[in-house]
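Chemist: Each chain, letter by letter, is given below.
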Amino acid sequence: MKKLIRDPQTVVADALAGVAQAHQGLLRVQADPPVIVRADAPLRGKVGLVSGGGSGHEPLHGGFVGYGMLDAAVPGAVFTSPTPDPILEATKAVDGGAGVLHIVKNYTGDVLNFETAADLAAAEDVQVETVVVDDDVAVKDSLYTAGRRGVAGTVLVEKIAGAAAERGDDLASVAAIARRVNENVRSMGVALTAPIVPHAGTPSFDISDHEIEIGIGIHGEPGRERIEWEPVDGIVRRLLEPVLEDLPFTSSDDVLLFVNGMGGTPLIELYIVFDAAAQLLGDRNIHIARSLVGSYVTSLDMQGCSITLLKLDDEMKALWDAPVQTAALRWGR
Amino acid sequence: MAGLTTDWALAWVRGSAAVVGEHRAELSALDREIGDGDHGENLDRGFKAVLAKLDAAPPSTPGGVLKLVATTLISTVGGASGPLLGTAYLKAAGAVGDATELDSAAVVALLTAARDGVVLRGKAAPGDKTMIDAWTPAVDAAAAAAEAGEEPAAVLAAAADAAEQGAVATEPLVAHKGRASYLGERAIGHRDPGAQSSALQLRAAAEAAA
Numbered sequence: 015m016k017k018l019i020r021d022p023q024t025v026v027a028d029a030l031a032g033v034a035q036a037h038q039g040l041l042r043v044q045a046d047p048p049v050i051v052r053a054d055a056p057l058r059g060k061v062g063l064v065s066g067g068g069s070g071h072e073p074l075h076g077g078f079v080g081y082g083m084l085d086a087a088v089p090g091a092v093f094t095s096p097t098p099d100p101i102l103e104a105t106k107a108v109d110g111g112a113g114v115l116h117i118v119k120n121y122t123g124d125v126l127n128f129e130t131a132a133d134l135a136a137a138e139d140v141q142v143e144t145v146v147v148d149d150d151v152a153v154k155d156s157l158y159t160a161g162r163r164g165v166a167g168t169v170l171v172e173k174i175a176g177a178a179a180e181r182g183d184d185l186a187s188v189a190a191i192a193r194r195v196n197e198n199v200r201s202m203g204v205a206l207t208a209p210i211v212p213h214a215g216t217p218s219f220d221i222s223d224h225e226i227e228i229g230i231g232i233h234g235e236p237g238r239e240r241i242e243w244e245p246v247d248g249i250v251r252r253l254l255e256p257v258l259e260d261l262p263f264t265s266s267d268d269v270l271l272f273v274n275g276m277g278g279t280p281l282i283e284l285y286i287v288f289d290a291a292a293q294l295l296g297d298r299n300i301h302i303a304r305s306l307v308g309s310y311v312t313s314l315d316m317q318g319c320s321i322t323l324l325k326l327d328d329e330m331k332a333l334w335d336a337p338v339q340t341a342a343l344r345w346g347r
Numbered sequence: 148m149a150g151l152t153t154d155w156a157l158a159w160v161r162g163s164a165a166v167v168g169e170h171r172a173e174l175s176a177l178d179r180e181i182g183d184g185d186h187g188e189n190l191d192r193g194f195k196a197v198l199a200k201l202d203a204a205p206p207s208t209p210g211g212v213l214k215l216v217a218t219t220l221i222s223t224v225g226g227a228s229g230p231l232l233g234t235a236y237l238k239a240a241g242a243v244g245d246a247t248e249l250d251s252a253a254v255v256a257l258l259t260a261a262r263d264g265v266v267l268r269g270k271a272a273p274g275d276k277t278m279i280d281a282w283t284p285a286v287d288a289a290a291a292a293a294e295a296g297e298e299p300a301a302v303l304a305a306a307a308d309a310a311e312q313g314a315v316a317t318e319p320l321v322a323h324k325g326r327a328s329y330l331g332e333r334a335i336g337h338r339d340p341g342a343q344s345s346a347l348q349l350r351a352a353a354e355a356a357a
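First to last, the sequence lines map onto chains A and B.
So for the first sequence, this note's numbering puts the first residue at 15; every next one is plus one.
So for the second sequence, this note's numbering puts the first residue at 148; every next one is plus one.
You may find that some hints are simply not true.
Only part of the chain B face toward chain A is listed, based on derived beta-carbon distances under 8 Å [stated by the list, open to error]:
(1) D183
(2) D185
(3) I221
(4) G226
(5) A227
(6) G229
(7) K324
(8) Y329
Hints are computed from structural coordinates only; laboratory data are not their basis.
Built from N, CA and C at the ideal position, the CB exists for glycine as well.
Excised from the complex, chain A in its bound form:
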């Protein structure tokens, strides 16, 4: 294993030290328990947004702390949900009296730990609403599984809900728009390789040079099926068709197309994926009104990508376009 690290046990702490120094003025990092907080938090009267989850998905979530997006991010150990204590700390640190929204990816550990933290916050008179993001269509039958996973669609929920909070919406309204985004967003991913978790030191699963894993999650857990590699247009069709059919997205819809890199895939390939996806959407007369391309929800060094579609309405478009100033997303300000 070759990685730019000091010690597998100190990867998260060492990275947070770098985050703190690189983004002074934008955010501050509390060491124990580890929490990334917007520099000017708490903002009196503004709803606070807190998200978090295992580390290894950077820039999710710490890269989205700042004006117009998250007020705090809670990084757990690599691929492991944070415990309730730091989530509670973050919640209290950003409560400006208007309550706090927890944005949680639908993984069992994240849900259980955020649930416990919300109970603890309620006991300290902090009003908390929770939105669970579950955009991954690769997980089919939610009656017999833990339900759909929360993946790249989380970024869109955080951006749009963050803009709603920044313009002064109350907690119920911010939660409502976050849920509306979640109801209208769908994703699916593919892996070409497995990630290497630093403390494990070996790939999370075995995959040969000529195979790809369709329907991958973001924690190195295997996906829906293993197939032989094929050129990108075929792969994109396999990802996009289940996404399109699920909502469903139909002719003349306005959408946001988000092509997300998993950490080990270069941007040049992500743009080819975007082109292939745009052609398929064009064939169906679905209009790409907004776009995002880059590695925003990663799985350490895994090669692969996910495709996310969000069906936009006018309010979502306005909130997407609203100014944002974070380490990883920045425009209009």
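On the provided structure of chain A, position chain B as indicated by the hints.
Modeler: This is chain B only, laid out in the frame that chain A set:
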């Protein structure tokens, strides 16, 4: 009748910490097959934190020991197993209250409350390929042993045997909860790491009483 004391509870926890440390790599390897490969690491981190707290201020009742384990696991393990196991120990602590010595009925109450706590948090049913598949047979076997008039040590031994069999019995199952549920039939043939670590902890409880 040889009731179980605070010394037993302390020995149980130290035994669990030791056995989780010994099997850390094995638990993570099981987790790599059907989860994300960190169960051993996470649990080992949690039990090491428990030991540090025990050494700093050892509680004076079995319930106190269990509560310390609960709060420490909840605040250090993370993932799903932190809140699940933490809740198990928390409910177990509640079941024994301030008692200083536990008879067989109290041991059964402790195990039942622990299992019910895991069900309450995780909402899993038997056969879902989770730690419940170790805890539920353990509770049933403990209850049967207590009813037959066995001493606490034998009750725990019966629970540990049943938990180990329960963990093995998760191998042919399809998972319906947790991360393994995303795999569908590909989870078949792999033992659930949470059931395995639960069996290790219950064996430590039995050995501490022997």
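Chemist: Look at each hint and say if it fits the structure.
Modeler: Results of checking the hints against the structure:
no.: 1; hint: D183; verdict: 5 Å, holds
no.: 2; hint: D185; verdict: 6 Å, holds
no.: 3; hint: I221; verdict: 6 Å, holds
no.: 4; hint: G226; verdict: 4 Å, holds
no.: 5; hint: A227; verdict: 4 Å, holds
no.: 6; hint: G229; verdict: 6 Å, holds
no.: 7; hint: K324; verdict: 6 Å, holds
no.: 8; hint: Y329; verdict: 5 Å, holds
Checked against the numbered hints given earlier, this structure breaks none of them.
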